[in-house]
Each structure stands twice: as C-alpha cells, then as structure tokens.
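Here the sequence shown stands for residues 35 to 232, where the numbers follow my numbering.
Warning: the hint list may mix true and false statements.
[Stated by the list, open to error] For lysine-lysine, the following DSS-like pairs were computed, each having C-alpha atoms within a straight-line distance of at most 27 Å:
(1) 79 <-> 152
(2) 207 <-> 223
(3) 164 <-> 152
(4) 79 <-> 99
(5) 164 <-> 230
(6) 230 <-> 152
(7) 144 <-> 164
(8) 75 <-> 141
(9) 144 <-> 162
(10) 144 <-> 214
(11) 230 <-> 162
(12) 164 <-> 141
(13) 214 <-> 99
(14) 75 <-> 99
(15) 214 <-> 230
(16) 152 <-> 162
(17) 147 <-> 40
(18) 40 <-> 99
(19) 152 <-> 141
[What the hints assert, rightly or not] The calculated label-pair distances, taken between Cβ atoms and stated as ranges, are:
(20) 166 <-> 54: 34 to 44 Å
(21) 76 <-> 136: 34 to 44 Å
(22) 110 <-> 47: 21 to 31 Å
(23) 201 <-> 77: 14 to 24 Å
(24) 91 <-> 45: 39 to 49 Å
(25) 112 <-> 92: 13 to 23 Å
(26) 129 <-> 160: 17 to 27 Å
(27) 42 <-> 215: 15 to 25 Å
(28) 167 <-> 85: 34 to 44 Å
(29) 76 <-> 160: 38 to 48 Å
(30) 42 <-> 197: 14 to 24 Å
(31) 61 <-> 88: 17 to 27 Å
(32) 56 <-> 159: 36 to 46 Å
What the hints contain is simulated information worked out from the structure, not anything from laboratory work. From the three backbone atoms N, C-alpha and C, an ideal C-beta is built for every residue, glycine too.
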Amino acid sequence: MIEYIKGELVEETPAQAVVECNGMGYGINISLNTYSAIQGKNNVKLYIYEAIREDAHVLYGFATKEERELFLMLISVSGIGGNTARMILSALSPTELCNVISNGNDKLLKTVKGIGLKTAQRIIVELKDKIASTGIGSSAPVSTLSTTVHSEIYEEAVAALTMLGFAQAPSQKVVATILKEEPDAPVEKVIKMALKRL
Numbered sequence: 035m036i037e038y039i040k041g042e043l044v045e046e047t048p049a050q051a052v053v054e055c056n057g058m059g060y061g062i063n064i065s066l067n068t069y070s071a072i073q074g075k076n077n078v079k080l081y082i083y084e085a086i087r088e089d090a091h092v093l094y095g096f097a098t099k100e101e102r103e104l105f106l107m108l109i110s111v112s113g114i115g116g117n118t119a120r121m122i123l124s125a126l127s128p129t130e131l132c133n134v135i136s137n138g139n140d141k142l143l144k145t146v147k148g149i150g151l152k153t154a155q156r157i158i159v160e161l162k163d164k165i166a167s168t169g170i171g172s173s174a175p176v177s178t179l180s181t182t183v184h185s186e187i188y189e190e191a192v193a194a195l196t197m198l199g200f201a202q203a204p205s206q207k208v209v210a211t212i213l214k215e216e217p218d219a220p221v222e223k224v225i226k227m228a229l230k231r232l
C-alpha cells in the first residue's frame, strides 16, 4: 500500500495532480481543498488512498492525513464511491464537513451533486460518532491565490466541472454567472460555488 507520494508537482488542475517521484509521474485525483493547499508549490507530499478495481487502478491524494481520514470514512458509507467522496470534500472543507455531520445538517450536505436526502441522512447517521471520536476539525489551509486573468479562471473552472462529471453547457452558464457576481473570486471558490448550484 502507498502511504504517500513526495516529489515534484509537474501539473495540477482542480481535479488532478501529476507528481513526479523517482522518474515516474503519478496521476493523482485530488479534491479542491488539496488543490488549494498545493497551489504554487514545486514539491509536494500527498497522502494516498489506492482504489484497485478490476477495470482501474486509481490514486486519490490528500494534502493532510485528516482529509484522507474523512475520505475513508465517507467511502465506508454504503452508496458513496471515491468520486462522490471527492465531490463532497471539494464542496466542503474538512472543518465544514465535520460541522455539517456533527450538527446533522442534511440540507447543506444535500446541496452536493449526487447526494440525495437519504444519502445525506445516511452519512450523518453512520459518521456522527466516528467524527466526534477522531477530533478532526483543524482548519484546512487557506488559498493565497493571486487573481488570475478572468478567462483563464473561467476555462479552468469549466474544465474541472466537466472532469467531475457535469455537462459542459450548464457548467459554462453557472461559471459565467458566478464570475459576473464575483469577478475576483479564485478558481476554487468559483468551482465550490458552482458545485452548489449545478
């Protein structure tokens, strides 16, 4: 089992990072929280979860052990796969997610794409005690992104949303609306807002 991968950050998008380690490039699926944490870094250390299936060998990477622990808890809930767990961790920071589960806020959890009311309630019921016993809730690293060119953020946000499984047309519409409302918003914020509206 791979515990972590440490190396040079060759490429990053809001949904994936490529880390070169000893001459090998690893394509690692990441959440928006991890994307914020690795922004602007040359060398990174990502804690890994390996999903080995018959048809694929997928790596999920996390900037902190806490985020990986939350991911593992989420995928332990019936009906939650790796991509849905990553979607939840992209829409909410680890601290927010812990608060949502601890407070039983199924309405907020339901705003994440792919999460219906029953699934949201199942997550809360199954994870409430686990979350309380772990003490996770330390705040995630805050992004210090300088404002990039408007169109670059638009393209990156739309690309990330389509990679996460949303159709292109509605993604473009939502991103355009958000950028009109908040022209200075960094790409992660735009994507997080879009995730709640799509």
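Here is what the structure says about each hint:
Note on residue 79 and residue 152: the hinted pairing is violated, with a Cα-Cα distance of about 36 Å set against a maximum of 27 Å. Of the pairs offered as hints, the one joining residue 207 and residue 223 holds, with about 16 Å between alpha carbons and a cut-off of 27 Å not exceeded. For a cut-off of 27 Å, the pair hint linking residue 164 to residue 152 stands: about 19 Å separates their Cα positions. The hinted pair formed by residue 79 and residue 99 meets the criterion: a straight-line CA distance of about 11 Å does not exceed 27 Å.
Taken as a hint, the residue 164 and residue 230 pair is honoured in the structure, with Cα atoms around 26 Å apart against an allowance of 27 Å. Taking the CA atoms of residue 230 and residue 152, the gap is about 18 Å. The hint holds against a cut of 27 Å. In summary, the hint linking residue 144 to residue 164 is supported, as the alpha carbons are separated by about 20 Å, within the 27 Å threshold. Taking the CA atoms of residue 75 and residue 141, the gap is about 36 Å. The hint is violated against a cut of 27 Å.
At most 27 Å may separate the alpha-carbon atoms for a hinted pair to count; residue 144 and residue 162 meet this at roughly 16 Å. A hinted pair counts as satisfied when its Cα atoms are at most 27 Å apart, and residue 144 with residue 214 qualifies at roughly 26 Å. Of the supplied pair hints, the one linking residue 230 and residue 162 holds, its CA atoms being roughly 23 Å apart against a limit of 27 Å. Taking the CA atoms of residue 164 and residue 141, the gap is near 20 Å; set against the 27 Å cutoff, the hint holds.
Under the criterion of a C-alpha separation no larger than 27 Å, the hint pairing residue 214 with residue 99 is inconsistent with the structure, at around 36 Å. Restraint check for residue 75 and residue 99: the C-alpha separation of about 18 Å stays at or below 27 Å, so the hint holds. Between residue 214 and residue 230, the direct Cα distance comes to roughly 17 Å. Compliance with the 27 Å bound is thereby established for this hinted pair. Under the criterion of a C-alpha separation no larger than 27 Å, the hint pairing residue 152 with residue 162 is consistent with the structure, at around 15 Å.
With a C-alpha separation of about 31 Å, the suggested pair residue 147 and residue 40 falls outside the 27 Å cut-off, and the hint is violated. For the proposed pair residue 40 and residue 99, the alpha carbon gap of about 14 Å is at most 27 Å, so the pair holds. Using a Cα cut-off of 27 Å, the hinted pair residue 152 and residue 141 holds, with the two alpha carbons roughly 11 Å apart. Distance hint check: the CB atoms of residue 166 and residue 54 are about 39 Å apart, consistent with the given range 34 to 44 Å.
Our hint of 34 to 44 Å for residue 76 and residue 136 holds, since their Cβ atoms are close to 37 Å apart. One distance hint, 21 to 31 Å for the beta-carbon pair residue 110 and residue 47, holds here, with the actual separation near 27 Å. With their beta carbons about 36 Å apart, residue 201 and residue 77 fall outside the hinted range of 14 to 24 Å. Hint check: residue 91 to residue 45, Cβ distance near 19 Å, so the stated range 39 to 49 Å is violated.
Take residue 112 and residue 92: their Cβ atoms lie about 19 Å apart, and the range 13 to 23 Å holds. Our hint of 17 to 27 Å for residue 129 and residue 160 holds, since their Cβ atoms are close to 20 Å apart. The given range of 15 to 25 Å is broken by residue 42 and residue 215, whose C-beta atoms sit roughly 37 Å from each other. In this structure the hint that residue 167 and residue 85 lie 34 to 44 Å apart at CB is violated, the actual value being about 25 Å.
At roughly 39 Å, the beta-carbon separation of residue 76 and residue 160 lies within the given 38 to 48 Å, and the hint holds. Against the hinted window of 14 to 24 Å, the Cβ-Cβ separation of residue 42 and residue 197 comes to about 22 Å, which satisfies the hint. For residue 61 and residue 88, the hinted distance range of 17 to 27 Å is satisfied, since their beta carbons lie about 19 Å from each other. For residue 56 and residue 159, the hinted distance range of 36 to 46 Å is satisfied, since their beta carbons lie about 44 Å from each other.
Going down the numbered hints, you'll see the structure goes against 1, 8, 13, 17, 23, 24, 27, 28, while the others check out.
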